[in-house]
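Undergrad: Letter by letter, the chains look like this.
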Amino acid sequence: MAADVAVVVEHLNGTIAEVSFEMLGQGKRLAAALGGKLRAIVLGRDARAAAEACGTADAVLYVEHEALGGFDPEAHGKALAALCAESAPAVVLVGNSSKGMDLAPDLAVALGVPVVTNVGAVAIEGGTIVATSRLYGGKIHAEVQVAGGRAVLSVLAGAFPAEAGKSDRPAAVEGVAPPADLASRIAFQRLIEPEAADVDITKEDVLVSVGRGIQDKDNLEIVQELADALGCPLSASRPLVDLGWMPKSRQVGKSGVTVKPKLYIAIGISGAPEHVQGMKDAATIVAINSDPKAPIFDVAHYGVAADLFDVVPALTEKVRELKG
Amino acid sequence: MNGNEPSPGETLMNIVVPLQQTPDLVEELEINADGTDIDRDAVTLQLSEWDGQALEEALLLKEAGAGSVTAVTIDGGEADAILFTALAKGVDRAVKLKPSGDAPTGLDHHALARLLAAAVAQLGADLVLTGVQSVEDLDGQLPVLLAAMLGWPHVSVVTGTELRGGAIAVKQEYSGGVMAELEARLPAVIGIQAARQAPRYAPVSKVRQIQKTAKLEEMPVEAPSGEAGLKIRRVFKPEIAGRAEILEGEPAEIAAKLVSLLKDRGLAI
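These protein sequences, in sequence, are chains Y and F. So in the working numbering, spot 133 of the first sequence is number 130, and the numbers just go up one at a time. So in the working numbering, spot 69 of the second sequence is number 63, and the numbers just go up one at a time.
Hints in this document: simulated from the structure, not taken from any laboratory. Some clues are possibly wrong.
[Said to hold, decoys possible] Computed cross-link-like contacts, DSSO-like style, restricted to lysine-lysine with a CA-CA straight-line distance of at most 27 Å:
hint, chain 1, residue 1, chain 2, residue 2
1, Y, 277, Y, 257
2, Y, 200, F, 257
3, F, 225, Y, 25
4, F, 90, F, 200
5, F, 56, F, 206
6, Y, 277, F, 231
7, Y, 290, F, 231
8, Y, 214, Y, 290
9, F, 257, Y, 257
10, Y, 320, F, 257
11, Y, 277, F, 257
12, Y, 214, F, 200
13, F, 251, Y, 259
14, Y, 259, F, 257
15, Y, 257, F, 251
16, Y, 290, Y, 277
[As the list claims (entries may be wrong)] Derived, one-sided and incomplete: chain F residues facing chain Y with beta-carbon distance under 7 Å:
hint, residue
17, 19
18, 149
19, 171
20, 173
21, 176
22, 222
23, 230
24, 238
[Said to hold, decoys possible] From chain F, some residues computed to sit far from chain Y (all C-beta separations above 10 Å):
hint, residue
25, 54
26, 61
27, 71
28, 87
29, 96
30, 97
31, 113
Glycine residues also receive a C-beta, built at the ideal position from the N, C-alpha and C atoms.
Using the sequences and the accompanying hints, generate a full structural model.
TA: Pasting the structure below:
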């Protein structure tokens, strides 16, 4: 049993999160390397439907209970810990999402096994689990080996291909009774859908996106002028939204939206994994950042390693000239 | 969510806000000699940005009549500056934790959580607000590890809180702008992503004035031994895959090159 791999499948309103398929694909490879089986774990009020979509796994265990309807970190934590204590997988893969952030460290403490966070790569070397964590906004990585042969890995979205985790094969689903104790000090109350925004940035062909490099709210005018010249809206990375400089509806990345425009111009954005996750599939990516080592240049097609305050106004002028 | 005045006779909360000092990413980070950590002698430390958000949310709760706010951080680095700034912003108590041995490094959140769990118990906290993550999350995010060690409930990625008697109502953020509303019974640990408003600014003059009049408390804590179960093989700067074609020249030349590239590809122009 201690050679098996488990993937915690995340789903909302009947849709399985892409990171879950990414983990199923990677989990399959890890299970093969360990000589074990891949199990998917699905928790919820109606977990079976989501379980049916996990044909990549050798077995899909689903637990249904009223208390698992909305995401209550304590009830979900208890159900997951009970299941993992029983089946004792060597590796448990959890997405480093909002829910996963509540689940992974908690599960590791409950099972008494190590946890590695922000995992972007994982391998089995002679039976030892070796994971690479992307730290400091992706600027530094740490390769760690896990003591004791078991671990919970909190996996970054976009680190592995989702296709490898998708399968038309009928899933071998198996209902598992919830543990007797799902008592929780947390009550899930309701989902809040986002308010309709003035602009839906997921539907735009071109986006000018701005990050912390802009330094000051007043400087936004510089990038707004470029966006106006190009006739596209402005989007932003998380810090600018948290500072209240840009509306939430314009946020690209992990807790914002995923965009796939034809052209994405990233200005003053360093390219932390949380942001890259939301824009890496844009058809053409241009990055303007003063730090030539910024991770954004890894996903960009064209890069300008210069001061945005010099380059952006020059670019705006050229665009205006051409568009008349 | 609106602020909530506690009803008469209700005990006021003791809100504890652990503050982490993390490297300023604007500066280039270097790797230490044996390649197992960043060079901690060469970094500029600053308050972790998510902890700054947690501090703001705690102050908003206090202003709504919730009770008192205690900021804690481990001694060393920028501890004094961070705590005096917290006092200038309005916390009631500022406590420097003095470990009996070596303080945990930034990459050992298990040890940090163990140390903070002891401090939180000693301070008699009803509620802990702290940053949902830091740039050094190698072995788990701090709030969840801390909650697990305390045996308290936890909610991560929270962007707004409101006290309701012996419970805290929170908004937990998912992707795509979807949120959930949850209520957690106290005591609890809440991992803050963003406060309801941008963190307030403490003027330098006010911080200086506080520095002259206020005294930071000190609390001895036991230095925990490692329990993360991870062996760091190497810490390294990832190879830039070099996917981007870098455009060089004066700003006007770069702009001209970019515009012609976009035009050739039928993009936007």
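Undergrad: The hint names residue 176 of chain F as touching chain Y; please verify it with the least Cβ-Cβ distance against 7 Å.
TA: holds, 5 Å
Undergrad: Measuring from the C-beta of residue 19 of chain F to each C-beta in chain Y, is the shortest one below 7 Å?
TA: Cβ of residue 19 of chain F sits 5 Å from chain Y, so the hint holds.
Undergrad: Would residue 61 of chain F pass as off the interface with chain Y, using Cβ distances and a cut of 10 Å?
TA: holds, 20 Å
Undergrad: At a threshold of 7 Å, is the proposed contact between residue 222 of chain F and chain Y supported by beta-carbon distances?
TA: Where the cut-off is 7 Å and the nearest Cβ of chain Y is about 6 Å from residue 222 of chain F, the hint holds.
Undergrad: If we take the beta carbon of residue 54 of chain F, is the closest beta carbon in chain Y still more than 10 Å away?
TA: holds, 14 Å
Undergrad: Checking a non-interface call: every C-beta of chain Y should be farther than 10 Å from the C-beta of residue 113 of chain F. Is that right?
TA: holds, 18 Å
Undergrad: Going straight from one Cα to the other, do residue 259 of chain Y and residue 257 of chain F come out at no more than 27 Å?
TA: holds, 13 Å
Undergrad: Given the hinted pair residue 290 of chain Y and residue 277 of chain Y, is their alpha-carbon gap at most 27 Å?
TA: Judged against 27 Å, a Cα distance of about 17 Å means the pair holds.
Undergrad: Does the alpha-carbon distance linking residue 200 of chain Y and residue 257 of chain F stay inside the 27 Å limit?
TA: holds, 21 Å
Undergrad: Minimum Cβ distance from residue 173 of chain F to chain Y below 7 Å?
TA: holds, 4 Å
Undergrad: Take the C-alpha atoms of residue 320 of chain Y and residue 257 of chain F, compute the straight-line distance between them, and say whether it is at most 27 Å.
TA: Given pair residue 320 of chain Y, residue 257 of chain F holds - Cα atoms ~11 Å apart, limit 27 Å.
Undergrad: Is residue 71 of chain F truly not at the interface, in the sense that its beta carbon sits beyond 10 Å from all beta carbons of chain Y?
TA: holds, 16 Å
Consistency note: the structure conflicts with none of the earlier hints.
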